[in-house]
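Chemist: Each chain, letter by letter, is given below.
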Amino acid sequence: MIAEPLRDTATQVIDKPDDRTVVELAGVSRTFGEDPPVHALSAVDLTIWPGEWLSIVGPSGSGKSTLLNIIGLLDRQTGGTYLFDGVDVAALDDLARAGLRGQRIGFVFQAFHLLPHRSVLENVMIAELYTGSPRRGRKERAHSALERVGLTDRADFSPTKLSGGQQQRAAIARALIGEPSLLLCDEPTGNLDSHNAEGVLDLFAQLSDDGLTLAVITHDHDVASRSDRRVRIVDSVLHEMEA
Amino acid sequence: MRSRLALRDLVDECVASLLARPGRAVLTVLGTVVGVAALVATLGLSKTAGNQIVGRFDELAATNIVVTPKSRTPGGVTFDVLPWDAERRLSRLDGVVASGTLSDVPTKGQLVRSAPINDPQGQTQFQLPVKAASPGLFRAVRVKLSTGRLLDAGYSTRADRVVVLGPSAAKRLNVTRVDNQPAIYIGDRLYVVVGILSGVERQLSLLESVIIPEGTAEREFGLTAPGSVQVETRIGAATVIAGELPLALNPSDTNALKVTAPPEPRRAREGVQSDLDSLFLLLGGVSLLVGAIGIANVTLVSVLERVGEIGLRRALGAARRHIASQFLVESTALGLVGGIVGAVVGTLVVVTVAATRTWTPVLEPWVPVGAPLLGGIVGLVSGLYPSARAAALEPVEALRSAI
Chain E
1 MIAEPLRDTA
11 TQVIDKPDDR
21 TVVELAGVSR
31 TFGEDPPVHA
41 LSAVDLTIWP
51 GEWLSIVGPS
61 GSGKSTLLNI
71 IGLLDRQTGG
81 TYLFDGVDVA
91 ALDDLARAGL
101 RGQRIGFVFQ
111 AFHLLPHRSV
121 LENVMIAELY
131 TGSPRRGRKE
141 RAHSALERVG
151 LTDRADFSPT
161 KLSGGQQQRA
171 AIARALIGEP
181 SLLLCDEPTG
191 NLDSHNAEGV
201 LDLFAQLSDD
211 GLTLAVITHD
221 HDVASRSDRR
231 VRIVDSVLHE
241 MEA
Chain W
1 MRSRLALRDL
11 VDECVASLLA
21 RPGRAVLTVL
31 GTVVGVAALV
41 ATLGLSKTAG
51 NQIVGRFDEL
61 AATNIVVTPK
71 SRTPGGVTFD
81 VLPWDAERRL
91 SRLDGVVASG
101 TLSDVPTKGQ
111 LVRSAPINDP
121 QGQTQFQLPV
131 KAASPGLFRA
141 VRVKLSTGRL
151 LDAGYSTRAD
161 RVVVLGPSAA
171 KRLNVTRVDN
181 QPAIYIGDRL
191 YVVVGILSGV
201 ERQLSLLESV
211 IIPEGTAERE
221 FGLTAPGSVQ
231 VETRIGAATV
241 IAGELPLALN
251 PSDTNALKVT
261 APPEPRRARE
271 GVQSDLDSLF
281 LLLGGVSLLV
291 GAIGIANVTL
301 VSVLERVGEI
311 GLRRALGAAR
321 RHIASQFLVE
331 STALGLVGGI
341 VGAVVGTLVV
351 VTVAATRTWT
361 PVLEPWVPVG
371 APLLGGIVGL
381 VSGLYPSARA
391 AALEPVEALR
401 SAI
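The listed protein sequences derive, respectively, from chains E and W. At position 142 of the first sequence (counting the first as 1) the number is 142 in the numbering used here, and the numbers step up by one without a gap. At position 253 of the second sequence (counting the first as 1) the number is 253 in the numbering used here, and the numbers step up by one without a gap.
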């Protein structure tokens with residue numbers, strides 16, 4: 001596998017869009033069922049460049065989640081090609097897709113998905129279980145991930161003792177520990193009040209400045225307005241939006 | 001690049017998951033604990049009880065050997081093959097506690113009566129069996145003396161006309177004490193009563209017999225050879241001694257003797273156990289099956305409850321096999337813990353029951369070792385279906401559930 005692009009070249013990469021891509025969808029479609037088939041995605045072309053912060057907006061039922069599942073390798077497209085980090089993922093088997101998912105993609109969910117019986121630190125460490133990372137230094141890596149999201153002082157807390165904003169920060173730390181190529185967020189502020197949502201968006205801005213690639217699915221235009229680029233899905237068809 | 005999961009991480013995750021719901025883990029394990037404990041306890045108790053039942057009749061029967069001349073034809077004549085010095089010969093055998101010869105004295109119909117008293121109403125003459133005994137016999141058949149003394153070698157050598165009476169014989173002859181030197185008649189000859197027995201554990205016919213020294217029987221009644229040899233052995237020595245007896249008593253023709261030895265103790269033990277074991281094992285098996293269903297049930301519930309967690313783990317890079325292995329290891333660990341606790345409980349039950357009955361607890365060594373393994377296998381089998389269900393979950397579907 002090709003190494004992740006260096007942080008300091010991120011701006012250059014955006015300047016030269018034909019260089020390398022994180023996600024490259026060409027004519028991707030996803031249909032469910034046979035009789036009659038339901039088209040959740042129709043011929044979607046989408047490219048996500050290294051270091052950019054992309055928002056995918058659209059009303060509910062428009063196919064946002066289907067797109068996210070395909071980008072996140074949780075689902076397979078039924079048509080078109082998908083290159084992740086330059087690799088055609090259709091050719092990969094379940095184990096390789098799981099490996100790619102664990103090592104290159106960080107997920108952030110609307111409902112946080114933190115295990116209530118584990119400490120915040122342990123929740124972050126879980127992200128390294130399936131990636132082949134050594135046990136040695138795992139705790140330190142988890143601590144530094146918590147440091148990036150500003151939760152060092154909550155490491156030994158139970159997630160149930162944290163505010164919603166803090167829980168989402170912990171979930172983001174879990175997504176960051178593996179140094180992913182892409183942070184994939186599904187309505188990350190959907191369960192948060194405006195104050196906490198603002199804090200999470202500030203964190204995204206900071207991570208984006210550090211060179212991290214973000215794809216955020218949202219139906220909230222305030223959230224979308226903070227990003228570098230916006231695309232919109234309506235009735236399973238993707239459109240670029242004017243900046 | 002492919003997804004993988006280190007064994008230590010897997011074990012850590014399972015332990016953490018189980019400890020996260022300790023109450024549930026305990027309740028789940030309970031079924032297996034009961035099943036394994038029942039199995040261990042029943043195996044141990046049947047073994048212990050079987051050993052005890054054998055042990056009870058062992059004591060008397062398993063240490064007794066009787067040697068008689070063998071008749072060549074069924075019900076036919078026997079020959080005088082037992083030596084007079086049988087007692088001396090057997091005293092050299094290791095494992096013989098006591099031995100003696102016992103013979104029926106050929107009285108040719110002579111009756112036994114007490115000293116003539118004028119009692120026109122009462123019967124004064126009796127058809128009592130007269131037996132001849134060597135000095136060691138009394139120990140070999142475990143007599144208890146009521147009063148007086150037993151017959152020793154001196155009486156026999158001198159062929160003294162003395163008798164020892166069994167308790168029933170003494171009662172019928174109306175002899176109650178020996179310090180006034182009472183005498184009885186066998187036929188028309190006078191014999192002095194030197195002792196009265198109060199009881200005997202073997203050869204119960206001695207209770208109603210008149211016992212005279214061997215030398216006396218030889219001279220007065222023409223006894224040509226001892227009729228039988230009674231041997232008491234140490235516990236466990238009977239089988240070996242029985243094999244040695246013919247050679248010691250009649251080396252010229254070992255086939256001429258009939259040796260009546262107790263049955264091989266092991267066979268008696270097996271007979272008792274096979275009956276108990278099959279019933280008890282069935283019971284334990286049923287409880288174990290119930291335990292297995294319990295684990296399967298709880299693991300399945302746990303899978304359904306943790307759908308969101310399964311989705312998260314898939315998103316974090318877990319392959320189907322990793323999800324399956326986690327639930328499989330969790331259920332196996334539950335079974336294993338249940339097996340260990342069950343083995344301990346079962347062993348304690350065996351020891352406690354044995355202690356209250358003052359029995360010796362007996363447990364096959366493979367039982368406490370195999371029980372935890374059995375529990376682990378039960379857990380593994382119970383986890384097969386739930387873990388397959390967990391692995392089959394689509395990550396997209398699973399992620400819709402919150403944790």
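Among these hints, one or two may not hold up.
[To be verified] What follows is a list of derived Cβ distance ranges for each label pair:
(1) E:G190 <-> W:V15: 40 to 48 Å
(2) W:L304 <-> E:G132: 25 to 33 Å
(3) E:P116 <-> W:T360: 25 to 33 Å
(4) W:W366 <-> E:D88: 38 to 46 Å
(5) W:L30 <-> E:E198: 21 to 29 Å
(6) W:R357 <-> E:R136: 26 to 34 Å
(7) W:L348 <-> E:G190: 50 to 58 Å
(8) W:Y385 <-> E:H239: 41 to 49 Å
(9) W:V15 <-> E:G132: 16 to 24 Å
(10) E:G132 <-> W:L279: 37 to 45 Å
(11) E:D153 <-> W:P22: 42 to 50 Å
Just so you know, these hints were derived from the structure itself, not from any lab. A virtual CB, placed ideally from N, CA and C, is assigned to each residue, including glycine.
Chemist: Would you list, in rising numerical order, the hints stated earlier that this structure does not obey?
Modeler: Numbers 1, 3, 4, 5, 6, 10, 11 - these are the hints that the structure violates, sorted from lowest upward.
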